[in-house]
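K.L.:
Sequences listed follow chains A and B, in order. If you read the first sequence in this note's numbering, its first letter stands for residue 1, the second for the next number, and so on. If you read the second sequence in this note's numbering, its first letter stands for residue 335, the second for the next number, and so on.
If you're looking for bench data, these hints aren't it; they were derived computationally from the structure. A portion of the hints provided could be inaccurate.
Unchecked claim - Straight-line distance between alpha carbons at most 30 Å, and here's what the computed DSSO-like set of lysine-lysine pairs gives: (1) Lys376/B with Lys506/B; (2) Lys380/B with Lys465/B; (3) Lys465/B with Lys8/A; (4) Lys604/B with Lys644/B; (5) Lys380/B with Lys413/B; (6) Lys8/A with Lys604/B; (7) Lys413/B with Lys8/A; (8) Lys506/B with Lys635/B; (9) Lys457/B with Lys604/B; (10) Lys3/A with Lys506/B; (11) Lys584/B with Lys553/B; (12) Lys506/B with Lys457/B; (13) Lys506/B with Lys8/A; (14) Lys644/B with Lys3/A; (15) Lys3/A with Lys604/B; (16) Lys457/B with Lys413/B; (17) Lys457/B with Lys8/A; (18) Lys457/B with Lys440/B; (19) Lys644/B with Lys8/A; (20) Lys413/B with Lys440/B; (21) Lys436/B with Lys380/B.
As the list claims (entries may be wrong) - Only part of the chain A face toward chain B is listed, based on derived beta-carbon distances under 7 Å: (22) Gly2; (23) Ile4; (24) His5; (25) Ile7; (26) Val11; (27) Leu12; (28) Val16; (29) Val20; (30) Asp21; (31) Thr22; (32) Val152; (33) Leu159; (34) Ala167; (35) Ile168; (36) Asn170.
Beta carbons are placed, not taken as given, at the ideal position from N, Cα and C, and that holds for glycine.
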Amino acid sequence: MGKIHRIKRQVLREAVAENVDTIRGLPPRAARPLYRIGRIWLQRAPLLLIPLALAGSTYLTRSESSPAATPPRPLVLAPKPVMAAAMAPDPLVPMNASVFPLSVHRVVIDAGHGGTDPGASSASQLTEKAVTLDIATRLRDILRRNGFDVVVTRGADRLIALRDRAAIANSSNGDIFVSIHVNSLATGRESHGIETYYLGATNDPTLTRLVAAENRGSGYSVADLRKLLDGIYADVRRDESHRLAAAVQQQLFNGLRSADPGVKDWGVKRAPFVVLVATGMPAVLAEVGCLSNDREAAMLGRPEYRQQIAQALFHGIHAYASAGDAPKKGSGNG
Amino acid sequence: MADQLLHVGIDLGTSRSAISASNGERFVVESFVGWPADMVAKKVLKRDVLIGHEAVANRTMLDLHRPLERGLLKEGSEKDVEAVRELLRHLLRLVGVSSNGKIDTKNVRAVVGVPAAALRTNKQYLRNSMKGIVDSLMIVSEPFAVAYGLNALLHTMVVDIGAGTTDFCVMKGRYPTEEDQRTLTIAGDSIDAHLLKLIQERYPQANVTIFMVREWKEKNSFVGEAPEHCVVTAPVKGVPTDLDITNEIKAACETILPPVIETMLDLLSKVEPEFQDRVRNNVILSGGGGLTRGLAEALEKALDQVGGGKVTYMADPVFIGSDGGLALALDAPEGDWEKLSA
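If we strip away everything but chain A, and leave its shape as in the complex, we get:
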């Protein structure tokens, strides 16, 4: 039965993709051989990194071995210099993600919290789940108008487990993942700012508390998390996530500063949020405001300001997608 379920999922995905293509006015996939090649490259690019990473780590292990620990080698004829040069491994250099000119086609948007989990609340009872869903919906519409394919992890006021959010992102073959949240500070209610996270460890106790709160009820066991963390195969995803986080943060801050001159740029940070750990694509979590600040909570209650946040997020995604060799998508107008 497992096999038939796998096949059903696969054909269902293909049926949906075929319909989405029709909506967009694209010709049938069978008539677009380049599409297949493109998807195969996108799907296999991470696999290509594995042997490269393994080759790199093997070299690293060898070069770090102490001469004393090396067993005596049998006497062999030295190879000709030209051969030696050809066979010598190159010095280990960090992988540059730009060698894979991958474009961003499908964006997965994750509206934080939902259903019985309201997230943070303002004094006026404005909830994080309502704000994030509204911004996510607005962002979805802007992205679609600009030619992006969009998958949302929740389109209604429903509780979706964190692991299910990651599963939706992974099964939909998203190219990037953007999770939208709103901060709430236990102390310093007068301060408010914007920050964007990508995956990484943190020693900051405040951040540790925030991560613990957001990861609560993720459905992952310690063993699962260990496997997930072990599975983060390459620095490329982290670097790409960092690049995406930087683009999003910059556009958010620039876009919102005009509406709220007091807003602080709290920058790009690293933290092990589950949705960032378990997603298999460049992923960021944006804290787009602060509900604990009464003034900002009032602004978040206004549709125009939420639209402005969605626009800023779009500009961040667009800036990331347009950078380097990545093909430009859309005009950038929301």
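Based on the hints, put chain B in the right spot on chain A.
P.N.:
Below, chain B without anything else, positioned relative to chain A:
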């Protein structure tokens, strides 16, 4: 109740259309839509539009349309587009959906199965024609919906004999491509036309219409050895008269055998050699034409030429497509429906 979400599978057929809904309701209607031909007809019928059996019964007063006749939606024909929309709205009303009913149209997610030829040739036009009727819409080929509903997605061939078309589809564990499918316009309608001609030749005095012929065929169709004599009643010079049409039914039904067998064997020959045996033993016969007695055996006999095989006839062909569509609708993740707004 206003927020109740409803998933539906719809088989938009050339002859009959069926709907299966997640609230357990299932209905089938004839794919005919008619508008009163003039003011007098409108006054008599007291309706703006008639659908299904009612439309057929009152056809003399109607501008009658069968929107997917011959498996295609005629582009440029506004009446045919409107007929598709009326048919869909009617099916949805039957399962409790309407703009002011207990289930709002904006809460409906529909998978609509259409003849494979229609999907290949006017996919975009079909989608535009169905715009705005439900919240989210996925259109698939009918044989694919059948295969999905039966979990027959690997090493299987579906032969779906409808009224306007006979669709063939080999399932290879993927969404079927052009090369996996074939369509013949030799199907129920062509049998009806042939049967009418044969009856008129034998009983030139009899007054027989295509609608009478269709009804006789649906009750008595067979190929091979006659299971019983087929005697029907029709007016001859105004007098109801019994007519034996056994030989005519056999001859008309058997006209589809050569092209169906040829296409089935040709499609089989295109399957990778190592899987041909498995596909030969998993041929599924669906659609109204599948009810033809002796047809499965005739196809199995033809498969003997290439090593033998098994043809399974589906006992409930009426809802097999719409049930498959409903299964697709229920299985599609939330995120996918977001992308399929209609």
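K.L.:
Now tell me if each hint is right for this structure.
P.N.:
Each hint, compared with the structure:
no., hint, verdict
1, Lys376/B with Lys506/B, "violated, 51 Å"
2, Lys380/B with Lys465/B, "holds, 28 Å"
3, Lys465/B with Lys8/A, "holds, 27 Å"
4, Lys604/B with Lys644/B, "holds, 18 Å"
5, Lys380/B with Lys413/B, "holds, 20 Å"
6, Lys8/A with Lys604/B, "holds, 23 Å"
7, Lys413/B with Lys8/A, "violated, 37 Å"
8, Lys506/B with Lys635/B, "holds, 24 Å"
9, Lys457/B with Lys604/B, "holds, 25 Å"
10, Lys3/A with Lys506/B, "holds, 13 Å"
11, Lys584/B with Lys553/B, "holds, 13 Å"
12, Lys506/B with Lys457/B, "holds, 22 Å"
13, Lys506/B with Lys8/A, "holds, 12 Å"
14, Lys644/B with Lys3/A, "holds, 23 Å"
15, Lys3/A with Lys604/B, "holds, 24 Å"
16, Lys457/B with Lys413/B, "holds, 18 Å"
17, Lys457/B with Lys8/A, "holds, 22 Å"
18, Lys457/B with Lys440/B, "holds, 23 Å"
19, Lys644/B with Lys8/A, "holds, 24 Å"
20, Lys413/B with Lys440/B, "holds, 25 Å"
21, Lys436/B with Lys380/B, "holds, 25 Å"
22, Gly2, "violated, 12 Å"
23, Ile4, "holds, 5 Å"
24, His5, "violated, 9 Å"
25, Ile7, "holds, 5 Å"
26, Val11, "holds, 5 Å"
27, Leu12, "holds, 6 Å"
28, Val16, "holds, 5 Å"
29, Val20, "holds, 5 Å"
30, Asp21, "violated, 9 Å"
31, Thr22, "holds, 5 Å"
32, Val152, "holds, 5 Å"
33, Leu159, "violated, 12 Å"
34, Ala167, "violated, 9 Å"
35, Ile168, "holds, 5 Å"
36, Asn170, "violated, 11 Å"
Hint compliance for this structure: hints 1, 7, 22, 24, 30, 33, 34, 36 are broken, all remaining hints hold.
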